[in-house]
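There are 2 protein chains.
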Amino acid sequence: MTERIHNFNAGPAALPIQVLERIREELLNFQGTGMSVLEISHRSAVFERALNETVARLRRLMRLPDDYQVLFLQGGASTQFYMVPMNFLSAGDVADYVDTGTWAAKAMKEAKLLGHQVHLAGSSEDRKYSYIPENINFSRDAVYVHLTSNNTIEGTQWPEFPSTGGVPLVVDMSSDALCRPVEVKPFGLIYAGAQKNLGPAGVTLVIIRQDMLDRVKVNLPSMVSYQSHAAKNSMYNTPPVFAVYVVGLVLQWIEETIGGLEAMERINREKAARLYEALDSHNFYRPLVEKKSRSLMNVTFRLPTVDLEKEFVSEALAEGLGGVKGHRSVGGCRVSLYNAVTLEAVRDLTGFMKEFVRRRG
Amino acid sequence: MTERIHNFNAGPAALPIQVLERIREELLNFQGTGMSVLEISHRSAVFERALNETVARLRRLMRLPDDYQVLFLQGGASTQFYMVPMNFLSAGDVADYVDTGTWAAKAMKEAKLLGHQVHLAGSSEDRKYSYIPENINFSRDAVYVHLTSNNTIEGTQWPEFPSTGGVPLVVDMSSDALCRPVEVKPFGLIYAGAQKNLGPAGVTLVIIRQDMLDRVKVNLPSMVSYQSHAAKNSMYNTPPVFAVYVVGLVLQWIEETIGGLEAMERINREKAARLYEALDSHNFYRPLVEKKSRSLMNVTFRLPTVDLEKEFVSEALAEGLGGVKGHRSVGGCRVSLYNAVTLEAVRDLTGFMKEFVRRRG
Chain X
-1 MTERIHNFNA GPAALPIQVL ERIREELLNF QGTGMSVLEI SHRSAVFERA LNETVARLRR
59 LMRLPDDYQV LFLQGGASTQ FYMVPMNFLS AGDVADYVDT GTWAAKAMKE AKLLGHQVHL
119 AGSSEDRKYS YIPENINFSR DAVYVHLTSN NTIEGTQWPE FPSTGGVPLV VDMSSDALCR
179 PVEVKPFGLI YAGAQKNLGP AGVTLVIIRQ DMLDRVKVNL PSMVSYQSHA AKNSMYNTPP
239 VFAVYVVGLV LQWIEETIGG LEAMERINRE KAARLYEALD SHNFYRPLVE KKSRSLMNVT
299 FRLPTVDLEK EFVSEALAEG LGGVKGHRSV GGCRVSLYNA VTLEAVRDLT GFMKEFVRRR
359 G
Chain F
-1 MTERIHNFNA GPAALPIQVL ERIREELLNF QGTGMSVLEI SHRSAVFERA LNETVARLRR
59 LMRLPDDYQV LFLQGGASTQ FYMVPMNFLS AGDVADYVDT GTWAAKAMKE AKLLGHQVHL
119 AGSSEDRKYS YIPENINFSR DAVYVHLTSN NTIEGTQWPE FPSTGGVPLV VDMSSDALCR
179 PVEVKPFGLI YAGAQKNLGP AGVTLVIIRQ DMLDRVKVNL PSMVSYQSHA AKNSMYNTPP
239 VFAVYVVGLV LQWIEETIGG LEAMERINRE KAARLYEALD SHNFYRPLVE KKSRSLMNVT
299 FRLPTVDLEK EFVSEALAEG LGGVKGHRSV GGCRVSLYNA VTLEAVRDLT GFMKEFVRRR
359 G
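Line by line, the protein sequences are chains X and F. If you count by the numbering used here, then the first sequence holds residues -1 to 359, one letter each, in order. If you count by the numbering used here, then the second sequence holds residues -1 to 359, one letter each, in order.
No lab work stands behind these hints, which were simulated from the structure alone. These numbers come from a predicted model, not from an experiment. Keep in mind that the hints are not guaranteed to be accurate.
Copies of the same chain look alike in the list, so a pair counts if it fits in one copy or across any two.
What the hints assert, rightly or not - Taking lysine-lysine and the PhoX-like style, the derived pairs with C-alpha atoms no more than 20 Å apart in a straight line are:
| id | residue 1 | residue 2 |
| --- | --- | --- |
| 1 | Lys126 | Lys352 |
| 2 | Lys215 | Lys110 |
| 3 | Lys107 | Lys230 |
| 4 | Lys110 | Lys126 |
| 5 | Lys230 | Lys104 |
| 6 | Lys215 | Lys230 |
| 7 | Lys126 | Lys289 |
| 8 | Lys104 | Lys126 |
| 9 | Lys289 | Lys215 |
| 10 | Lys126 | Lys290 |
| 11 | Lys352 | Lys230 |
| 12 | Lys352 | Lys290 |
| 13 | Lys107 | Lys126 |
| 14 | Lys352 | Lys308 |
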């Protein structure tokens, strides 16, 4: 294709066109350094400023209290799956995990691999992860409670977070960070791979509260310890400079172009409402999750037959609507509505969906 | 500055201008997908092809035998410092380390942190790491021997690798990978952060021999185990798509524009010869390392006074010669001559150096 398409991929995913154009514009000479942002030293004043501005912008957008520190690490959420238990659990400690989908289960598996005691506090596996469980059975003495705020593959999202009676929440927000304002106080640690709502693949946002930093275990490999990264402002080793730079541009776009997280949430709710309405208004598409657990970010549904699903995906692409195929483990279709996906893209998609029913329904 | 400068940074570092221009050209629409390379799915056919082509190109360039696998991971060499001992050492095992500088010492420290038995087989710490040691005292039963092939901060490089009597070499090639052809057979594992000779910060090259893969310990966190990454062709989790893409372009440049590693070495030797000649021909600059241990990649030297060093660095930058300040732990000046640094850049630098001596010497 010679033109850009609407990108509904589940991650890596759409970026705001303004961000892409800005990257292109300054790619050969970053802020008058005479070097590309791909070539500048992470120890240069110009990068340190970009990093610090990005952190400050995130603090403003999320209204982070002073006792939270923002880190940019590598290795994705999958690396957090083992860093979290390695940093916080000692022999005999228990951690609570709630199993709401593929990624939540993987996080739990990694903690178990390390030999830790993991308590399954809740699960929706019984009905194919099609809902967010309500009756969570927390242990009395858990060091933390691990949740996955949005389940990318299944299409569910916690509408609100459960009360844990003071036990710190550790939450994987990879697929819904910054889609809406969140009260961060219950969270001891938030992590998110950037490649959905925040930027390109290759950088992981970690937000950690001081009391959690204080309880990090000693004698961990330096790269595994949150303390090493926090002590050096994410520069314990060479950070992924370019990815951090792009995250900075995305946050700038959220703050200055969109107008902050309340505005972002309004847009996201409108996008999701239009798409779910299109799904519900035809007796043709079959949404896969319970209404009250529906995700704002990943919308999963099936069509009457697998053949129709294939045609739907390929005809959509021909119309410039890309990435609507479901995850191989679930099948069907999945439309991701991350922050950078525009209302116009959703309008074009729902138009196509209506037309598809007319022809094939 | 409105113009690009010559970039002698130690890493992140210069990239070939042809690579930067290509990135810019296709930034908004990668290979007709209608999406930026920053937005494409790592599971897309177009990315899998790019990844496989990059691996194939590396295999050709390095003439890798069939029993070596190429991985692209995250976390830099610092992550390899703990992955290596975690993957290969069990209780009671010994690993040999040779301490030739700051990074070699850090690699050793991380193995010790994990409680492993580390044998210091050689060191040049006695004379400020100004040489590569010759009499290495290998242990009888080491699982591996760890070396740092080029010492970025100090400016030394192994001219050839020591014979270990069959014990696999594990080598950090972060700052000299692909600067010259290397006979890979003695290596059980090679790793290199990309941000010097291979691409941008944010991706780590790992080359691992099958017998090493076979001896990886069980019950490691999935992201720590080389087996997980090898089994999934570097796609166990979302890889740093953009960084891998840029590495692919850099390898293409080495193969097609430069003409392979023999040609790359000739150019690198000429660049280094010109610079060392400029240092040696004036009784003014004081190279910091022994002649036979001199690095092709990082050239370290002092000037008669710290004030002159400061003037040298700032006047060089005013002439469009950036990044010549030494590492804070060594002081003085350091000029990095990575693959993407041109002969023209070195000519301009040596011209400036001559002129600087004329005015200040």
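### Query
Checking against the hints above, which ones are violated?
When the structure is compared with the hints, numbers 1, 4, 9, 11, 12 turn out to be violated.
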